[in-house]
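Enquirer: Chains as they are written, first to last, in the working numbering: chain A, 687 to 930; chain B, 687 to 930.
Hints are computed from structural coordinates only; laboratory data are not their basis.
Wrong hints could be hidden among the right ones.
Said to hold, decoys possible - Using C-beta positions, here's what the derived DEER-type ranges look like: (1) A:Glu731 x B:Lys698: 25 to 35 Å; (2) A:Lys895 x B:Asp898: 21 to 31 Å; (3) B:Ala848 x A:Gly748: 50 to 60 Å; (4) A:Lys827 x B:His873: 46 to 56 Å; (5) B:Gly860 x A:Lys763: 43 to 53 Å; (6) B:Pro806 x A:Arg821: 24 to 34 Å.
To be verified - Capping the alpha-carbon separation at 20 Å, the derived lysine to aspartate or glutamate pairs in EDC-like fashion look like this: (7) A:Lys728 x B:Glu759; (8) A:Lys740 x B:Glu745; (9) A:Lys755 x A:Asp704.
Just so it is clear, CB atoms sit at the ideal spot from N, CA and C, and this is done for glycine as well.
2 protein chains.
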Amino acid sequence: MEGLGYAISVLKRAVELDTAHKYTESLVCYQEGIQILVTSIKGVEDESTRTKLKQKTEEYMGRAEKLKKHVEELKKKGSFREQMQIDEGATGYSYDKVFSRFLDHSVHRVDVEDPYIRSPHQCDNFLRFVEMCLRQCPNLKTIALTTKADDDNHVQQNTRLAAIRKSVFTFSKGTVQVTLEFSDALHDREIRLDNGWVIKIGRGLDYFKPVDRLSIGWSDYHFRPCKATTVDIFHNKDLHRCHY
Amino acid sequence: MEGLGYAISVLKRAVELDTAHKYTESLVCYQEGIQILVTSIKGVEDESTRTKLKQKTEEYMGRAEKLKKHVEELKKKGSFREQMQIDEGATGYSYDKVFSRFLDHSVHRVDVEDPYIRSPHQCDNFLRFVEMCLRQCPNLKTIALTTKADDDNHVQQNTRLAAIRKSVFTFSKGTVQVTLEFSDALHDREIRLDNGWVIKIGRGLDYFKPVDRLSIGWSDYHFRPCKATTVDIFHNKDLHRCHY
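With the sequences and hints as input, model every part of the structure.
Expert: Structure (structure tokens):
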């Protein structure tokens, strides 16, 4: 019954997020919960319990389906808004958690505007973000970074970013390009996907606290404590017009 | 139809692995494929296509269920054997890929026997492995590492491993302990879980090639090229007797 208990707690979370209008997060939980439920039902011996669980599954599926349609409608109207509050010291906010639900085959281009991609750990963060995009977006073509030139260490910054560009080019056999622009006029920190999603993080990609090497959270950002920040999520149905 | 295409390719892989007697890997693919299929069906408008897809889903579920029972039988008989061959330079063999399917709520104790947990990158690897165990095993109590003392740099080795121990203790609020033993008589490299699974990797945890910082694969081991090695998987139904 371990699986069932887990499914119930995930689905409870889905309903909470649903009620709080955190629709895209809620959808992830519904899907995860339904999947565990489907897998768990097979292990249940009692026929009537199984029937009940199957009904429950159908209910949750219906709800998830409705929610999905609702999100699609909001996207069409251009009125999709969602917010995620990351508290000081909170864990569980890896890039995967924050971005993965928006990254899929429909993404060809990712625009990153973040003034602080310069120090070693900031460039590591950017690389980590790029790796995630490569994993999640089979049709990716371009990652366009706009950042501020580091007046004190511009050469090192350039060298670091050039290394990432080169590695992405080689790794993807030239199918994915990282483009780079320095700008002093960055008005905002935001990440735009050409499927219309816009994710704004108050602190940009650098919202993690440092941890010591050889400490939990050093390699798995799921365990890394965060600085307090707000993630605003929009959907811009006309976004593609800006780029092409 | 993107989702459906992906489901089909994952399920095709499941059948291939099934045929090759790579049962635990196959089960992961069946489950993943079935989940994508279940989610995709909802998006199909045509009623008769939906009915066919539902039948197909039921078929795959039945097959996965049979396979699961078969694995259980082999486990009971103590005759479970599976092998994974990692080729020189191959990618896609993160610790997650190799270990995750054996790590769940049934694991309380993990025994790692690996003579080479000493240099900085080897200790990083061990930390990464520990982080994965913490994420996957909610009932984890002990990770017991047996390794060889580094004659040249035993102090540094000790300091590194002590840092990991301390971090795990603090992070888990004392619920998870890392124990440490140095032995010159290590006969084999193996990882034993107290749910009975034994995973032997020819090269131990250090089967990745080095990559440059700021290169794809530096943080995401899914992209990191491997050294050629063989992973042998057993199930020892009497394993718990050895420990308690």
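Enquirer: The structure should be examined with respect to each hint, and the outcome stated for every one.
Expert: We went through each hint and held it up to the structure:
1. In this structure the hint that glutamate 731 of chain A and lysine 698 of chain B lie 25 to 35 Å apart at CB holds, the actual value being about 32 Å.
2. With their beta carbons about 26 Å apart, lysine 895 of chain A and aspartate 898 of chain B fall inside the hinted range of 21 to 31 Å.
3. At roughly 53 Å, the beta carbons of alanine 848 of chain B and glycine 748 of chain A sit within the given window of 50 to 60 Å.
4. Restraint check, lysine 827 of chain A to histidine 873 of chain B: a C-beta distance of roughly 51 Å satisfies the suggested window 46 to 56 Å.
5. Between glycine 860 of chain B and lysine 763 of chain A, the C-beta spacing of about 51 Å keeps the proposed range 43 to 53 Å intact.
6. For proline 806 of chain B and arginine 821 of chain A, the Cβ-Cβ distance of about 26 Å falls inside the hinted range of 24 to 34 Å, so the restraint holds.
7. Between the alpha carbons of lysine 728 of chain A and glutamate 759 of chain B the distance comes to roughly 17 Å, so the proposed pair stays at or under 20 Å and holds.
8. A hinted pair counts as satisfied when its Cα atoms are at most 20 Å apart, and lysine 740 of chain A with glutamate 745 of chain B qualifies at roughly 17 Å.
9. Under the criterion of a C-alpha separation no larger than 20 Å, the hint pairing lysine 755 of chain A with aspartate 704 of chain A is consistent with the structure, at around 13 Å.
Of the numbered hints stated above, none is contradicted by the structure.
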